[in-house]
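Student: Letter by letter, the chains look like this.
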Amino acid sequence: MSDVSLTVNGRRVSGNAEDRTLLVHFLREHLGLTGTHVGCDTSQCGACVVHVDGRAVKSCSMLAVQASGSTIVTIEGLADGAELHPVQAAFKEHHGLQCGFCTPGMIMTATDMIARHPQGLDEATVRAELDGNICRCTGYHNIVKAILAASETMAKGAKGRAKQAA
Amino acid sequence: MYSVNYHRAASVSDAAKLLKNGDAKLLSGGMTLIPAMKTRLAAPSDLVDVSRLKDLQGVKVSGKTVTIGAVTTHYDASTDEKLKKACPALAHMASLIGDPAVRYKGTIGGSIANNDPAADYPAALLALDATIVTNKREIAADKFFKGLFETALKEGEIITAVSFTAPAKAAYQKFRNPASRYAIVGVFVAKGKDGVRAAVTGAGEDGVFRSKEIEAALAKNFDVAALGGLKVSAKGLMSDIHASADYRANLIAVMAKRAVAAANA
Amino acid sequence: MGIEGVGARVARKEDKRFITGGGRYVDDMVVPGMKHAVFVRSPHAHAQIKKIDVKKAQAMPGVVGVLTGKEIKADGIGNLICGWMIHSKDGTPMKMGAWSPLAVDKVRYVGDAVVIVVADTKGQARDAAEAVEITYKELKAVVDATKAIQAGAPQIHAEADNNLIFDWELGDAKATDAAIKSAAHVTRMKIVNNRLVPNAMEPRAALGHYDKAEDHYTCWTTSQNPHVARLVMSAFYNVAPENKLRVIAPDVGGGFGSKIYIYPEEIVCLWASKKTGVPVKWVADRTESFLSDAHGRDHVSTVEMAFDKDNRITGLKVDTIANLGAYMSLFSSCVPTYLYATLLSGQYNIPAIHANVRTVYTNTAPVDAYRGAGRPEATYVLERMMETAARELGVSPAELRRRNFITSFPHQTPVIMAYDAGDYNASLDAAMKAADYAGFTRRRADAAKQGKLRGIGMSCYIEACGLAPSSAVGSLGAGVGLWESAEVRVNAVGTIEVLTGSHSHGQGHETTFAQLVTQRFGVPIDSVSIVHGDTDKVQMGMGTYGSRSGAVGMSAIVKALDKVEAKAKKIAAHLLEADEGDIVIENGEVKVAGTDKSLPWFQVALASYTAHNLPAGMEPGLKETAFYDPSNFTFPAGCYICEVEIDPETGTTEIVQFVAADDFGNIINPMIVEGQVHGGIAQGVGQALLEGTHYDASGQLLTASYMDYTMPRAGDLPSFKVSTSNTPCPGNPLGVKGCGEAGAIGSPPAVINAITDALGVVDIAMPASPATVWATIRAKK
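Chains as they are written, first to last, in our numbering: chain Y, 1 to 166; chain F, 1 to 265; chain P, 1 to 781.
It should be emphasised that the hints constitute simulated quantities derived from the structure, not laboratory data.
Misleading hints may appear alongside valid ones.
Pulled a few chain F residues facing chain Y out of the computed Cβ check, cut under 8 Å [what the hints assert, rightly or not]:
hint : residue
1    : Ser3
2    : Tyr6
3    : Gly30
4    : Ile34
5    : Lys38
6    : Thr39
7    : Leu41
8    : Asp49
9    : Pro100
10   : Ala101
11   : Glu155
Straight-line Cα separation of at most 27 Å, BS3-like style, residue types lysine-lysine; simulated pairs [unchecked claim]:
hint : chain 1 : residue 1 : chain 2 : residue 2
12   : P       : Lys563    : F       : Lys235
13   : P       : Lys781    : F       : Lys231
14   : F       : Lys169    : F       : Lys60
15   : F       : Lys38     : P       : Lys122
16   : P       : Lys16     : Y       : Lys156
17   : P       : Lys140    : F       : Lys38
18   : P       : Lys780    : Y       : Lys92
19   : P       : Lys433    : P       : Lys122
20   : P       : Lys433    : Y       : Lys145
21   : Y       : Lys145    : P       : Lys16
22   : P       : Lys73     : P       : Lys137
23   : P       : Lys140    : P       : Lys95
24   : F       : Lys85     : F       : Lys54
25   : P       : Lys190    : P       : Lys147
26   : F       : Lys231    : P       : Lys449
27   : F       : Lys38     : P       : Lys433
28   : Y       : Lys145    : P       : Lys721
29   : P       : Lys244    : P       : Lys537
30   : P       : Lys563    : P       : Lys537
C-beta atoms are modelled at their ideal positions from N, C-alpha and C, and glycine is treated no differently.
Just need the whole structure built from these sequences, with the hints factored in.
Tutor: This is the structure in structure tokens:
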């Protein structure tokens, strides 16, 4: 057993868990953050993607104790209060989800992807970047559309903020 | 996963001490080890986490010598400006490993210590005639990779870095397993000061290997044309549900040609 | 239609919870005192169980129970059933082998459940599962259906000689043979439809809770049809009487058919909860899902198609062997029979058809309905035959199809189905235009200059949806009726709840169903809630599969809305002192036509509940229930065109464009319909290019994780060009036909027709992986 201390969605949390506890299970079972899902055993489906210290990683392939001391954002912490994150809003607007199971991981991957491509995204890049996220419902068509749209919205927002600052 | 004791090492020497616990294993990115533990295919008693050791992180380039810390992630390697300048082929190779989330966690040290027969780094290091630096010694890549999941590492030995002389030209071409995204065949070619080296991953029954045929052909003329008559034998190549040995032999030739074309581009 | 009514692209009401992490799936459920279960599964494909020793496991830390098949039998829990009776052509009933929820003396596939271990944590349960000692005597296994029916093959069930479950036929053998004999041309092929693993992203899960004080069970389960689960668990498995068993299917992460069936795990978890005195939760690992979810397809067919001198089809003869795996799953028998052979006429006038189907046990996971269920297999047979015939006859694939299209409706096929409406030329025209079919020759030449092989292929599919008229399916052997139910509850303040027997696991019912209500009463969509998935809340219903939620589920809602509307009008007429026939309801107001007299909607609702002033003799309240039993199947149809470019050096196929032109009848929400088509195409392309299920000869599943089973990823697919050209369904109150399965039905032959066109070969096995394509190119040289 080890102590696990994390900052999750802006809140400091700590708990005691078996060392073999995966981060995803710590989030789901100890913290009740069930938005992060487990869809495979081999780190491939991406339903469990969360941000650890600003990077989108698979929480099923990391021990909770390994993450101790880190700052974590899960799907539950992405929206700004009642206001959806632009990626969340785009998934809704463009019907980028059906059963919703892969969606949290898709959205967490998408926000990371957009952040790494401030110059913008094209369809081929989005498809390649989704290599670690599997969806069985949508055929990805509308997921790709949603991510491209969110990328544009966020770029406009950033420009707007830059203008304001200037 | 079976029960396990986790330790976070404070230094390399601390890690070496902690490794003496039971059947302890080093934990770096954990992208292979944790999934193997989840499915109970690996069962270390203890894990010694070295991923946060600052000394083992990052890329250094001094003249022509490139040194990559053992816990440098694939993402950091693929985006490192110094590496992209000194050896763009290796940065590109790192960008082809797994998927973005895996690249954020997986490390060069973890990849080569595991020496999966379909991993990408072993081919690169073999072709780059790299040196694997451990807490005890330096090992030439030619001596380091010893067959399937086997390396020259001794008990308690910890990889700290990998270094190599930047090649004049190099490139990696990978044909991915459509399911796992590992290499069905990956070919890394490098033209260095001591000649041309070409290494193949994903295909050999004994893991990564250097292709004498490709090297011999390119030694005379580092050009796609030199590989025109290349016939790769299927002997000693893996055959499984994804690819027959014949198919792998074909892919070795195709990937080698494409790698040379990319290296010369 | 209004911005929220029928036909509008309304963004989904349910999305909010899914995009914020608020979805509630079975694995998210926590009940006080809950423990975790792990199943010990057979590592052998075929073996006798000699001995099970659980002592060591019982003594492991955290273990609360280790239970076996003998105990479940002793408690009277029944064997699993197949709910559709098929008789062989000699009149004998299908040979159903016993399937115990926990194997007792024999295991028949790798993954067969043998023991359940319940412990404080899943880790402890797994530790203890490894300590269960089972002595097996291995038997020879058989995985290939064509080998399983040969003399001398290992016998899997005592009930089925040569592993033959039934030998069934449909159609006129004599007329078909005569057509082939007198044909100007006969096209012959052996056609293999590869086995698939459904792979809903949410693995199956069950949480069983026995409440001792109430003597009552609750089961949270990943089900597409919770009421059917309750019915079957009560009536056949003796878990509990229906009034003592509540089944809840909360948010369910995809189904595609695989979550229709009642599997051993939910039965065992409920039983184990009573046995151990604690709530028991089981969640499948992905590999467990690969091993134990019902698989799909797995047909081998020999086909002959006869043409006259004018290239008109005169007969079709199909001989199919269908692999049903180790046990007969719930609807396994109807998939290769009434959902398959009845569609063999496709979009074509075929005067004589004969299908013979043999279903076979093998030592593999059970096979049942998977998105499309029988119809993809029929479409694959027909559309591969049409393509090959066109090449043999030297006519264009489009021309051969047009020549044989059914153009007048209704049309009675020789294989039961009576098509009600359609315009197959319209779909073909739309698809060819969208694909710039005329420009293909130029594109092929351009690709050749780059050393690439281009090919184009089409597929004109038809399917029968809206399952199904109860009396019809009853006469064909179904154990249940296939109607649907709905209850519309108008609350006193005018908000509305619709309780539906349909179940949404991604289809967007909370939005489309609400659109019907908004359309009818003009109330805002936010004031309408859809309730589903809980047997305690919703009246008996049949669930969601076979593209039936629109055609059947929504029709039940329409019927209930009719009743509510009629009563509301009566109340309004009474209150407004007008004639009932003059009352209209629009924009949330109840008006007297041609006057300025009106009442807000909520006042009519309130009046119905205050009951202070109702028409004489009227019961208070505004709540109506309806059951809708369709009069016919519906017949969605369409044309898909796939264009591929192949790298001959590596065998890699890139889909450069994929066009779908569908006829779904009327459409409630085009955005959701398009999403269904996209997902279906991805699954069909997955079958054609990527997804291979491999058992080795000893029955080990070699593709039991995403390391070896290729799931379609974003980079494997293009964006799709989809459109609809719709002929309303005359027999359906909404004119809808259904859209859930079309993509998976129509796309595989389009892909394979394109690849064989590019390669200049007659056939290639699915999945046409790079290795297979490369080997095909090499074999041709």
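Student: The structure should be examined with respect to each hint, and the outcome stated for every one.
Tutor: Now for the hints, and whether the structure bears them out:
1. Ser3: holds, 6 Å
2. Tyr6: holds, 4 Å
3. Gly30: With a closest approach of 6 Å, the F/Gly30 hint holds.
4. Ile34: holds, 5 Å
5. Lys38: This interface hint holds because 6 Å falls under the 8 Å limit.
6. Thr39: At about 6 Å, which falls below the 8 Å cut-off, the nearest Cβ of chain Y leaves the hint on F/Thr39 intact, so it holds.
7. Leu41: violated, 11 Å
8. Asp49: holds, 6 Å
9. Pro100: This hint holds: F/Pro100 lies near chain Y, its Cβ roughly 6 Å from the closest one there, short of 8 Å.
10. Ala101: This interface hint holds because 5 Å falls under the 8 Å limit.
11. Glu155: violated, 22 Å
12. P/Lys563 / F/Lys235: Violated, at about 76 Å.
13. P/Lys781 / F/Lys231: holds, 17 Å
14. F/Lys169 / F/Lys60: holds, 19 Å
15. F/Lys38 / P/Lys122: holds, 12 Å
16. P/Lys16 / Y/Lys156: holds, 24 Å
17. P/Lys140 / F/Lys38: Distance ~31 Å between P/Lys140 and F/Lys38 Cα, so the pair is violated.
18. P/Lys780 / Y/Lys92: violated, 49 Å
19. P/Lys433 / P/Lys122: violated, 56 Å
20. P/Lys433 / Y/Lys145: OK: P/Lys433 and Y/Lys145 at ~24 Å, within 27 Å.
21. Y/Lys145 / P/Lys16: holds, 18 Å
22. P/Lys73 / P/Lys137: holds, 22 Å
23. P/Lys140 / P/Lys95: With a Cα-Cα distance of about 21 Å, the restraint between P/Lys140 and P/Lys95 holds, given a limit of 27 Å.
24. F/Lys85 / F/Lys54: The hint holds at about 23 Å.
25. P/Lys190 / P/Lys147: The given pair, whose Cα atoms are some 16 Å apart, holds under the 27 Å limit.
26. F/Lys231 / P/Lys449: Holds, at roughly 25 Å.
27. F/Lys38 / P/Lys433: This hinted pair is violated, its Cα atoms lying about 51 Å apart.
28. Y/Lys145 / P/Lys721: Holds: Y/Lys145 and P/Lys721 sit about 13 Å apart, inside 27 Å.
29. P/Lys244 / P/Lys537: Status holds; Cα separation ~14 Å.
30. P/Lys563 / P/Lys537: Satisfied, since the Cα-Cα distance of roughly 20 Å is no more than 27 Å.
When held up to the earlier numbered hints, the structure conflicts with 7, 11, 12, 17, 18, 19, 27 and fits the remainder.
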